[in-house]
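Place chain B on chain A using the hints.
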Amino acid sequence: MTEISSANLIPFKVAGTVTLEWLKEFARVSGDYNPIHQDEAVAKSMGLPGVIAHGMLTASLLHSRALEAIADYRNLRGFSIGGSQTRFRAMTFLGDEISIGGQWQVMGANELKLDLQARKQSGETTVTASFRLVRPAAV
Amino acid sequence: MDGLKSQIGRLSSERKVTLSGTEMRDFATCVKATVGATSHSPISSVAIPTVFTIFRQGEFELMDALGIQLKQVLHAEQEYELKAPLSPSEEIRFVTRLASVVEKKSKTANMAFMAFETDFVRVADEVTVATARSTMVYRELLG
Numbered sequence: 001m002t003e004i005s006s007a008n009l010i011p012f013k014v015a016g017t018v019t020l021e022w023l024k025e026f027a028r029v030s031g032d033y034n035p036i037h038q039d040e041a042v043a044k045s046m047g048l049p050g051v052i053a054h055g056m057l058t059a060s061l062l063h064s065r066a067l068e069a070i071a072d073y074r075n076l077r078g079f080s081i082g083g084s085q086t087r088f089r090a091m092t093f094l095g096d097e098i099s100i101g102g103q104w105q106v107m108g109a110n111e112l113k114l115d116l117q118a119r120k121q122s123g124e125t126t127v128t129a130s131f132r133l134v135r136p137a138a139v
Numbered sequence: 140m141d142g143l144k145s146q147i148g149r150l151s152s153e154r155k156v157t158l159s160g161t162e163m164r165d166f167a168t169c170v171k172a173t174v175g176a177t178s179h180s181p182i183s184s185v186a187i188p189t190v191f192t193i194f195r196q197g198e199f200e201l202m203d204a205l206g207i208q209l210k211q212v213l214h215a216e217q218e219y220e221l222k223a224p225l226s227p228s229e230e231i232r233f234v235t236r237l238a239s240v241v242e243k244k245s246k247t248a249n250m251a252f253m254a255f256e257t258d259f260v261r262v263a264d265e266v267t268v269a270t271a272r273s274t275m276v277y278r279e280l281l282g
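One line per chain: the protein sequences are A and B, in this order.
The opening residue of the first sequence carries number 1 in this note's numbering; numbering runs sequentially from there.
The opening residue of the second sequence carries number 140 in this note's numbering; numbering runs sequentially from there.
Excised from the complex, chain A in its bound form:
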């Protein structure tokens, strides 16, 4: 595929299944040691059903997929992510399978928008991210 249009869908693809080991590794690389992401007793004491995944883990999976999607199109060379807005809409628990997909929106010759969603195996949307892609002006 080389041309983008608003009809271009990014097909949903499994990014991974949440495990305690993965959350511990994300805590290590990100420095976010909030115990609700690692300790079931603490999570339950805070009124949660159990350990929940870091929102920023799913957000990062969405950003990774955005970069992949940009790389898929030759005519997007030179475009970069100028900004992103991520909303955390539902919790992700241990054992949940995260899939990511979405859609392009053409805004103009030098601006594109990419909307991605993370879903659980139940189909529930957990995190959404909107990316603004820009092509820096030639100097």
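No false leads were mixed into what you were given.
Straight-line alpha carbon distances no greater than 16 Å define the calculated EDC-like cross-link-like pairs of lysine to aspartate or glutamate that follow:
{"no.": "1", "chain 1": "B", "residue 1": "K244", "chain 2": "B", "residue 2": "D141"}
{"no.": "2", "chain 1": "B", "residue 1": "K171", "chain 2": "A", "residue 2": "E68"}
{"no.": "3", "chain 1": "B", "residue 1": "K210", "chain 2": "A", "residue 2": "E40"}
{"no.": "4", "chain 1": "A", "residue 1": "K13", "chain 2": "A", "residue 2": "D96"}
{"no.": "5", "chain 1": "B", "residue 1": "K155", "chain 2": "B", "residue 2": "E265"}
{"no.": "6", "chain 1": "A", "residue 1": "K13", "chain 2": "A", "residue 2": "D72"}
{"no.": "7", "chain 1": "B", "residue 1": "K155", "chain 2": "B", "residue 2": "D264"}
{"no.": "8", "chain 1": "A", "residue 1": "K113", "chain 2": "B", "residue 2": "E218"}
{"no.": "9", "chain 1": "A", "residue 1": "K44", "chain 2": "B", "residue 2": "E279"}
{"no.": "10", "chain 1": "B", "residue 1": "K171", "chain 2": "A", "residue 2": "E25"}
{"no.": "11", "chain 1": "B", "residue 1": "K222", "chain 2": "A", "residue 2": "E111"}
{"no.": "12", "chain 1": "B", "residue 1": "K210", "chain 2": "B", "residue 2": "E200"}
{"no.": "13", "chain 1": "A", "residue 1": "K113", "chain 2": "B", "residue 2": "E220"}
{"no.": "14", "chain 1": "A", "residue 1": "K24", "chain 2": "A", "residue 2": "E40"}
{"no.": "15", "chain 1": "A", "residue 1": "K113", "chain 2": "A", "residue 2": "E68"}
{"no.": "16", "chain 1": "A", "residue 1": "K24", "chain 2": "B", "residue 2": "D165"}
{"no.": "17", "chain 1": "B", "residue 1": "K171", "chain 2": "A", "residue 2": "E21"}
{"no.": "18", "chain 1": "B", "residue 1": "K171", "chain 2": "A", "residue 2": "E97"}
{"no.": "19", "chain 1": "B", "residue 1": "K210", "chain 2": "A", "residue 2": "D39"}
{"no.": "20", "chain 1": "B", "residue 1": "K210", "chain 2": "B", "residue 2": "E279"}
In short, the hints are calculated from the structure, not lab data.
This is chain B only, laid out in the frame that chain A set:
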């Protein structure tokens, strides 16, 4: 939760950090970044945008100073404005500001939506490479 609004505008201390190539690579590997881990060009030496989440110490410092424990906090929104590439070994400095507080009440908790804003400035040329805005929900369970 009382008095949080009076803290709007409060600043964290300033930090200077240098992101190492190893930190970038470990982060990219953990979040399954298959394309270069880039924000501005497809080369592997440039960071994936969410790598700035490594530098949330200012948020943690402010929450701690306000008597908020991390376990009481959930992430609601995250925004990044990316203005220039960040490469390993570049020193950046940042200060985090409590930008706003909105209080809400549910059946089970009193909540405060706290927005933190952080500008990341490259020390070598004083260019702001990115701005991060995190909205965190502080919950005080009822009953």
